[in-house]
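Enquirer: Each residue of the sequence shown is one higher than the one before, starting from 3 at the first, in the numbering used here.
Just so you know, nobody snuck in bad clues.
Straight-line alpha carbon distances no greater than 30 Å define the calculated BS3-like cross-link-like pairs of lysine-lysine that follow:
1) LYS177 <-> LYS158
2) LYS158 <-> LYS181
3) LYS177 <-> LYS144
4) LYS181 <-> LYS144
Pair by pair, the computed Cβ-Cβ distance ranges are:
5) GLU46 <-> LYS177: 47 to 57 Å
6) LYS177 <-> ASP103: 16 to 26 Å
7) LYS158 <-> LYS57: 47 to 57 Å
8) LYS154 <-> ASP214: 16 to 26 Å
These are calculated hints, taken from the structure and not from any lab test. Cβ coordinates follow ideal geometry from the N, Cα and C atoms, glycine included.
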Amino acid sequence: MIGNIKVFKKYWRNFNMKDENKNKLEQKITDLQTKLSTIIIEKETSEKRNKELSKQINELLNMQKDIEKQLNRAKKDSTLTDIKIEPNIYLKGMFDSFDKDYNALKIFIEGNTYYYPLEDYQCKYLPLSGSRVLIFHGDDKKYQIYGLDIAKIIEKAPIIEAIFKSVIPSTNQIKLRTKEYGYINVSVSNDFLKDLKITLSEQIMLKQIYIDGDYYFCLQEYKNNTYDINKILKEIKG
Numbered sequence: 003m004i005g006n007i008k009v010f011k012k013y014w015r016n017f018n019m020k021d022e023n024k025n026k027l028e029q030k031i032t033d034l035q036t037k038l039s040t041i042i043i044e045k046e047t048s049e050k051r052n053k054e055l056s057k058q059i060n061e062l063l064n065m066q067k068d069i070e071k072q073l074n075r076a077k078k079d080s081t082l083t084d085i086k087i088e089p090n091i092y093l094k095g096m097f098d099s100f101d102k103d104y105n106a107l108k109i110f111i112e113g114n115t116y117y118y119p120l121e122d123y124q125c126k127y128l129p130l131s132g133s134r135v136l137i138f139h140g141d142d143k144k145y146q147i148y149g150l151d152i153a154k155i156i157e158k159a160p161i162i163e164a165i166f167k168s169v170i171p172s173t174n175q176i177k178l179r180t181k182e183y184g185y186i187n188v189s190v191s192n193d194f195l196k197d198l199k200i201t202l203s204e205q206i207m208l209k210q211i212y213i214d215g216d217y218y219f220c221l222q223e224y225k226n227n228t229y230d231i232n233k234i235l236k237e238i239k240g
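Kindly produce the complete structure, drawing on both the sequences and the hints.
Expert: Shown next as structure tokens:
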């Protein structure tokens with residue numbers, strides 16, 4: 003009987019030792035789970051911070067783009083009022099590039115940069131970057147720009163007829179109907195919209211300019227010049 007009691011005590015001690023080990027393991031598991039939870043929380047917090055930082059960076063980039071656009075608009079408002087045109091009939095400039103966002107030609111004249119609306123351009127194709135252009139000044143303070151390809155004036159832009167249909171709200175565009183292309187939208191200047199004199203279904207003329215494989219349509223505004231541009235163009239060798 004005594005032997006049985008000794009055996010029981012032995013197993014009881016072993017059982018208690020196993021429970022202690024089990025508790026230690028369970029505590030380790032609890033500690034690991036706590037650490038894992040902390041890591042997950044830190045990771046989520048870090049991701050949230052990264053998202054916030056990314057959002058702030060995107061907002062700053064958008065602000066930069068808006069400022070650049072405003073700066074470009076300011077540049078495009080530049081005119082030739084500070085350059086003496088007379089007694090010269092035309093100015094010689096160098097074409098740099100075409101800004102698709104604002105439909106403007108970037109031209110260097112006497113070391114300065116100027117931007118002209120596409121409707122001032124009179125040729126079918128744009129000149130190559132670095133090529134010369136001729137800028138005629140009309141009596142109505144409008145400009146006619148011609149591009150040169152080597153020493154030859156680029157072919158004039160074809161003219162098509164269009165019917166005025168409407169002004170597109172909240173834009174600087176008008177809707178026109180053409181025989182060749184159906185309905186099209188054409189960008190016009192703010193001055194044109196402000197002094198709008200055409201009426202519904204009135205016929206107007208459009209220049210058709212090809213740029214990078216696309217058609218660009220511009221109003222063909224008649225200029226009041228006291229000199230014969232066509233005659234001058236024939237005499238110019240570049």
